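Visitor: Given next are the chains, with one letter for each unit.
Number of protein chains: 2
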Amino acid sequence: MKIRALVTLSVAGLLILFSALAYRAPSWVEAAEKTNTIVDARGNLRVPTNYRTTYQFLGTWAIAADKGVQGSKQIHDVYSSPGAIAAYRKDGHFPDGTVLVKEVHETATQPMTTGTVSHADKLVGWFVMVKASKNLHPDNKWWGDGWAWSWFDAGKPLKTTSTDFKKDCLSCHEPARSTDLVYIQGYPPLRRGQ
Amino acid sequence: MKIRALVTLSVAGLLILFSALAYRAPSWVEAAEKTNTIVDARGNLRVPTNYRTTYQFLGTWAIAADKGVQGSKQIHDVYSSPGAIAAYRKDGHFPDGTVLVKEVHETATQPMTTGTVSHADKLVGWFVMVKASKNLHPDNKWWGDGWAWSWFDAGKPLKTTSTDFKKDCLSCHEPARSTDLVYIQGYPPLRRGQ
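Residue numbers (the numbering used here), protein chains in the order written: chain A, 8 to 201; chain B, 8 to 201.
Derived from the structure by calculation, the hints contain no laboratory data.
Be a bit skeptical, because a hint or two may be false.
Intra- or inter-copy, both count: the list cannot distinguish identical chains.
[Said to hold, decoys possible] With a cut-off of at most 27 Å between alpha-carbon atoms, the simulated BS3-like pairs for lysine-lysine come out as follows:
no.	residue 1	residue 2
1	K97	K163
2	K97	K174
3	K129	K74
4	K129	K80
5	K129	K109
6	K129	K97
7	K166	K129
8	K166	K148
9	K174	K80
10	K141	K129
11	K148	K74
12	K141	K74
13	K97	K80
14	K141	K80
15	K173	K163
16	K173	K109
17	K74	K97
18	K74	K173
Computed from a predicted structure; not experimentally measured.
Construct all of the structure, not just a fragment, from the sequences and the given hints.
Guide: What follows is the structure, given as C-alpha cells:
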C-alpha cells in the first residue's frame with residue numbers, strides 16, 4: 008500500500024509539472040509583458056519586435072500623390088497591441104499600455120486589373136504611441152497628453168529621432184484631440200459589431 | 008493508508024482535470040481548426056469570423072480615384088490566417104489550409120495634416136481564398152488552380168455571389184500566376200528579415 012501511495016504521489020507530482028509547463032498565460036498578460044519591453048526605465052520607446060505577426064491591424068491611410076498624378080505616394084498601415092481592439096469596442100478607450108504602431112511606406116503604383124493601384128514598397132519608418140493616462144515620465148520630452156510618442160527611421164527601430172513630442176508629433180495629431188489624439192475614423196475594427 | 012491513497016488519487020484526478028482545462032492547443036492547431044470552419048463539407052466557403060482580431064495583416068492595395076481626382080476610391084486590406092506568414096517566410100509558399108481575406112472598402116477622402124488622405128469607410132465585401140494544392144472538390148466551381156475562391160457582399164459573409172472562379176476570380180488573378188496567383192509584392196510581412 009505504501010508503494011501504491013508513492014506511485015500515486017509521483018503521478019501527482021508529474022501532473023503538477025505538466026500543468027505548469029502546459030499552462031499559458033492569458034493574452035492580456037502576454038500583452039502587458041510585451042508593452043514593458045517597448046518602454047525602458049527612463050521612458051524611452053522602441054519599435055516592438057514582431058508587431059507584424061503579434062499585433063492586430065487597425066487600418067490604412069493612403070496619402071494621395073501630388074495633384075495631377077494618379078495614385079498614392081505613401082501608405083500608412085496602423086497596428087495595435089493585442090487586446091486593444093477588444094477593450095476599445097467595450098468602452099471607447101484604449102487601455103493604459105496600449106501600443107500603436109504606424110508603419111509608413113513609400114509606394115509603388117502600377118496598372119492592375121482593378122485600375123491604377125498603389126501598394127507598400129520602401130519602408131520609411133514607424134510612428135509609435137504608447138497609452139499612459141498618467142504621465143510616468145514627466146521629465147521625458149516624449150511623454151505627455153496621455154501618451155508617449157516617438158518616430159523611428161527605417162533601419163533604426165531602437166532609437167527615436169524625435170526630440171519633443173509637442174514639436175514633432177502633436178502638431179499633426181492636435182485635430183484629433185476629441186478622440187484622444189488618435190484618428191479613429193480610419194479604423195473599422197474599432198467599430199462595434201463589425 | 009487506504010484513505011491516504013484515496014486522497015492522493017483524488018488530488019491526481021483534480022490535477023488531470025486542471026491540466027485539461029489549463030492546456031491550450033498550440034497556435035497551429037487552432038489555425039487548422041479555424042480553417043475547417045471556413046470550408047463546409049461540400050467545399051463552400053464563408054468569411055471567417057473574427058478575422059480582424061485573429062488573423063495577421065498582409066498588406067494594402069489603394070485603388071486610385073478616377074483621373075483628375077486626388078486620392079483613392081477603394082482600399083483593399085488583406086489578412087492571412089495565423090501561421091501563414093511564418094510558413095511563407097520559410098519556403099516561399101502558403102501551406103494548405105491558408106486562408107486569405109481581402110477586405111474591400113469604399114473610402115472617405117479628406118485633407119489632413121499629411122496631405123489629401125483616403126481611409127476605409129463603407130465596407131463593400133470580402134474576397135476569400137483558401138489554399139488547397141490538391142483539389143478536394145473538383146465538382147465545385149469555386150475550386151481550382153490550387154485554391155478555393157469566393158466573393159462575399161458586405162452583410163452576407165455566409166453566402167458567396169460567385170458562380171465560377173474561372174469567370175469571377177481568375178481573370179483578375181491570372182497575371183500573378185508565377186507567384187501562385189497571389190500578388191505578393193504588396194505584402195511586406197512576407198519578405199524575409201522584415
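Visitor: Each hint: holds or not?
Guide: Results for each hint:
Proximity of K97 and K163 under a CA criterion of 27 Å is satisfied inter-copy only: 25 Å between copies versus 35 Å inside one chain copy. In this homomeric assembly, K97 and K174 never come within 27 Å of each other (Cα to Cα): the closest approach is 33 Å inside a single copy and 42 Å across copies. Taking the shortest alpha-carbon separations for K129 and K74, both the intra-copy value of 22 Å and the inter-copy value of 25 Å come in at or below 27 Å. Taking CA atoms no more than 27 Å apart as the test, K129 paired with K80 passes in both settings, with 11 Å inside one copy and 23 Å between copies.
Both within a single protomer and between protomers do K129 and K109 lie at most 27 Å apart by alpha-carbon distance, with minima of 14 Å and 22 Å respectively. Proximity of K129 to K97 under the C-alpha cut-off of 27 Å is restricted to the inter-copy arrangement: shortest distance 22 Å between copies versus 36 Å within a copy. In this assembly of identical chains, K166 and K129 lie within 27 Å of each other by CA distance solely inside one copy; the values are 20 Å within and 38 Å between copies. Proximity of K166 and K148 under a CA criterion of 27 Å is satisfied intra-copy only: 14 Å inside one chain copy versus 53 Å between copies.
For a Cα distance limit of 27 Å, the shortest separation of K174 from K80 inside one copy, 24 Å, qualifies, whereas the shortest one across copies, 33 Å, does not. With identical chains, the CA atoms of K141 and K129 are never at most 27 Å apart, being 36 Å at best within one copy and 36 Å at best between copies. In this assembly of identical chains, the alpha carbons of K148 and K74 never lie at most 27 Å apart, being 36 Å within a copy and 44 Å across copies at closest. For a Cα distance limit of 27 Å, the shortest separation of K141 from K74 qualifies neither inside one copy, at 43 Å, nor across copies, at 48 Å.
In this homomeric assembly, K97 and K80 never come within 27 Å of each other (Cα to Cα): the closest approach is 35 Å inside a single copy and 31 Å across copies. Taking identical chains as interchangeable, the C-alpha atoms of K141 and K80 are never at most 27 Å apart, the minima being 37 Å within one chain and 40 Å between chains. Taking the shortest Cα distances, K173 and K163 sit within 27 Å of each other inside one copy (22 Å), while across copies they are farther apart (45 Å). Proximity of K173 to K109 under the C-alpha cut-off of 27 Å is restricted to the intra-copy arrangement: shortest distance 18 Å within a copy versus 37 Å between copies.
With identical chains, the CA atoms of K74 and K97 are never at most 27 Å apart, being 41 Å at best within one copy and 41 Å at best between copies. Neither within a single protomer nor between protomers do K74 and K173 lie at most 27 Å apart by alpha-carbon distance, with minima of 30 Å and 38 Å respectively.
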